[in-house]
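K.L.:
Start from chain E and add chain F according to the hints.
Heads up: the protein sequence lines correspond to chains E and F, in order.
To convert, note that position 85 of the first sequence is 85 in the numbering used here; the numbers rise steadily by one, no gaps.
To convert, note that position 16 of the second sequence is 16 in the numbering used here; the numbers rise steadily by one, no gaps.
In short, the hints are calculated from the structure, not lab data.
By construction, the Cβ of each residue, glycine as well, lies at the ideal position given by its N, Cα and C atoms.
Treat the hints with care, as some may be off.
[To be verified] The following label-pair restraints were derived from C-beta to C-beta distances:
1. F:GLU88 <-> E:ASP93: 18 to 28 Å
2. F:ASN114 <-> E:GLU3: 54 to 64 Å
3. E:GLN61 <-> F:ASN12: 40 to 50 Å
4. F:GLU32 <-> E:GLU64: 33 to 43 Å
5. E:ARG112 <-> F:LYS40: 49 to 59 Å
6. F:GLU9 <-> E:LYS99: 22 to 32 Å
7. F:GLU32 <-> E:SER11: 14 to 24 Å
What follows is the residue order along each chain.
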Amino acid sequence: MPEVILKVPSSYLFIPAISNFTARLLREYSMGNREASLFSYAVEEVLTNIIRHSYEGKQDQWIEIEWKIFPERIEVEFRFGGKPVEIPEEKFDIQRKIKERKKGGFGLEIIRKSSDSVEFGRQGEVNWWRIGKKLKN
Amino acid sequence: MELKIEKNEKKNVFVIKPIGRIDPLTVEDFDEAIADAIKKGKVKIIIDCSRLEYISSAGLGVLIGYIEEVREKNGDIVICCTNPGVYEIFDLLGFTKVYRFFPGLDKAEKFLENA
Numbered sequence: 001m002p003e004v005i006l007k008v009p010s011s012y013l014f015i016p017a018i019s020n021f022t023a024r025l026l027r028e029y030s031m032g033n034r035e036a037s038l039f040s041y042a043v044e045e046v047l048t049n050i051i052r053h054s055y056e057g058k059q060d061q062w063i064e065i066e067w068k069i070f071p072e073r074i075e076v077e078f079r080f081g082g083k084p085v086e087i088p089e090e091k092f093d094i095q096r097k098i099k100e101r102k103k104g105g106f107g108l109e110i111i112r113k114s115s116d117s118v119e120f121g122r123q124g125e126v127n128w129w130r131i132g133k134k135l136k137n
Numbered sequence: 001m002e003l004k005i006e007k008n009e010k011k012n013v014f015v016i017k018p019i020g021r022i023d024p025l026t027v028e029d030f031d032e033a034i035a036d037a038i039k040k041g042k043v044k045i046i047i048d049c050s051r052l053e054y055i056s057s058a059g060l061g062v063l064i065g066y067i068e069e070v071r072e073k074n075g076d077i078v079i080c081c082t083n084p085g086v087y088e089i090f091d092l093l094g095f096t097k098v099y100r101f102f103p104g105l106d107k108a109e110k111f112l113e114n115a
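Just chain E, same shape as in the assembly (with noise of 0.2 Å):
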């Protein structure tokens, strides 16, 4: 099982580089480019999700990331400090958001909607976040 891990501060200035090799990486496993390019939002969308959640605006804290290619399937697992990770059960309602002028939430709803799995948790000080995306044969 090829695996990449990689470990970065947990600064917004590596997102985009971090993102641009999720979508590459998938595109060479012959995923789509749209569904590559989502992918890779989610992928967006947890790290600033961590440094702005878990670290608290924290630029320098550190981010784990690691790729685990299947035969079926991709995950990327985030391994990181700092709070653990709160997501709310409430279901995404854009009407509501725009009727209540709520500019949260819409980083939740990407990750889900781009990933076929999405999972979290804590073991001792680290907290984890895995997503998942299947793979065509």
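P.N.:
Chain F only, in chain E's frame:
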């Protein structure tokens, strides 16, 4: 990782053209551009995404934050989008159901001029 914002006004339609990426590092500039326009009484606004490479959730949040305000003032925000990748993000979250999208600036301008 830069965002350049061009602004242009034609008749009573104000065009905001973000060039580059709207992401957590640049979203404030985008927010300010829309807020300034509304503050100056410009409520018929086109977001010209023809040279937008990426819009993050933060950028989408900015758009949602102002749409009600301009509609209450008899205006609107419409989106001109020719980049399939960017359109995909808008469509994924349902923006294409609550905003008017146009493939070209001319049609968007005509729509708002007559609105």
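K.L.:
It remains to establish, for every hint, whether it holds in the given structure.
P.N.:
Evaluated hints:
The beta-carbon spacing between GLU88 (chain F) and ASP93 (chain E), approximately 20 Å, falls within the hinted interval of 18 to 28 Å. In this structure the hint that ASN114 (chain F) and GLU3 (chain E) lie 54 to 64 Å apart at CB holds, the actual value being about 56 Å. Between GLN61 (chain E) and ASN12 (chain F), the C-beta spacing of about 48 Å keeps the proposed range 40 to 50 Å intact. Between GLU32 (chain F) and GLU64 (chain E) the beta carbons are some 35 Å apart, a value that agrees with the proposed interval 33 to 43 Å.
At about 38 Å, the beta-carbon gap between ARG112 (chain E) and LYS40 (chain F) misses the expected band of 49 to 59 Å. At about 29 Å, the beta-carbon gap between GLU9 (chain F) and LYS99 (chain E) stays in the expected band of 22 to 32 Å. For the pair GLU32 (chain F) and SER11 (chain E), the beta carbons lie near 23 Å from each other, so the given range of 14 to 24 Å is met.
Violated hints amount to a single one, hint 5; each of the other numbered hints is respected by the structure.
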